[in-house]
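Please model the entire structure based on the sequences and the hints provided.
Going by my numbering, the first residue of the sequence shown is number 84, and it counts up by one from there.
No incorrect hints appear here.
For each label pair, taking beta carbons as the anchor points, the in silico distance ranges come out as:
hint	residue 1	residue 2	range
1	Gln-131	Ser-202	30 to 38 Å
2	Asn-97	Ile-176	15 to 23 Å
3	Asn-107	Val-134	31 to 39 Å
4	Ser-91	Asp-173	18 to 26 Å
In short, the hints are calculated from the structure, not lab data. No residue lacks a Cβ here, since even glycine has one placed at the ideal position from N, Cα and C.
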Amino acid sequence: MIIFNYESDFKLVNEEFYSKWITNAILNEGFEVGEINYIFCDDAYLHQLNVEFLAHDTLTDIISFDYSIGKLISGDVFISIERVKDNANDLNISFDLELPRVVIHGILHYCGYKDKTTSDAVMMRKKEEQYMFLLS
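Spelled out as structure tokens, the structure:
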């Protein structure tokens with residue numbers, strides 16, 4: 084089950100569409116959907132989590148807490164809408180293009196993809212693009 088929560092004024096336009104898209108990505112990666120909570124928030128909210136739980140005093144667009152067991156994907160995905168907007172602006176792309184990339188990024192981490200090394204980041208980006216292509 085995928086649940087969308089809001090800690091800011093932002094509201095996802097089509098939750099059902101996103102839920103099906105995320106579910107299909109998880110199934111395509113060979114996993115099952117457990118309980119996944121997306122929490123859309125602002126920079127201050129996500130910064131506090133970053134400091135409190137990860138000891139990182141920086142802004143970020145996404146923090147995900149993975150509760151997956153075996154092939155059952157579960158977790159909490161926190162996304163700063165402010166950061167996604169700023170990143171989209173910095174990348175000279177639309178918010179509507181950047182948001183789904185961040186949304187699927189958290190799921191890809193749960194499926195075992197990493198992004199700390201250059202080669203891992205390249206693979207993560209390829210996977211993001213693969214699932215972004217399915218949106219069009």
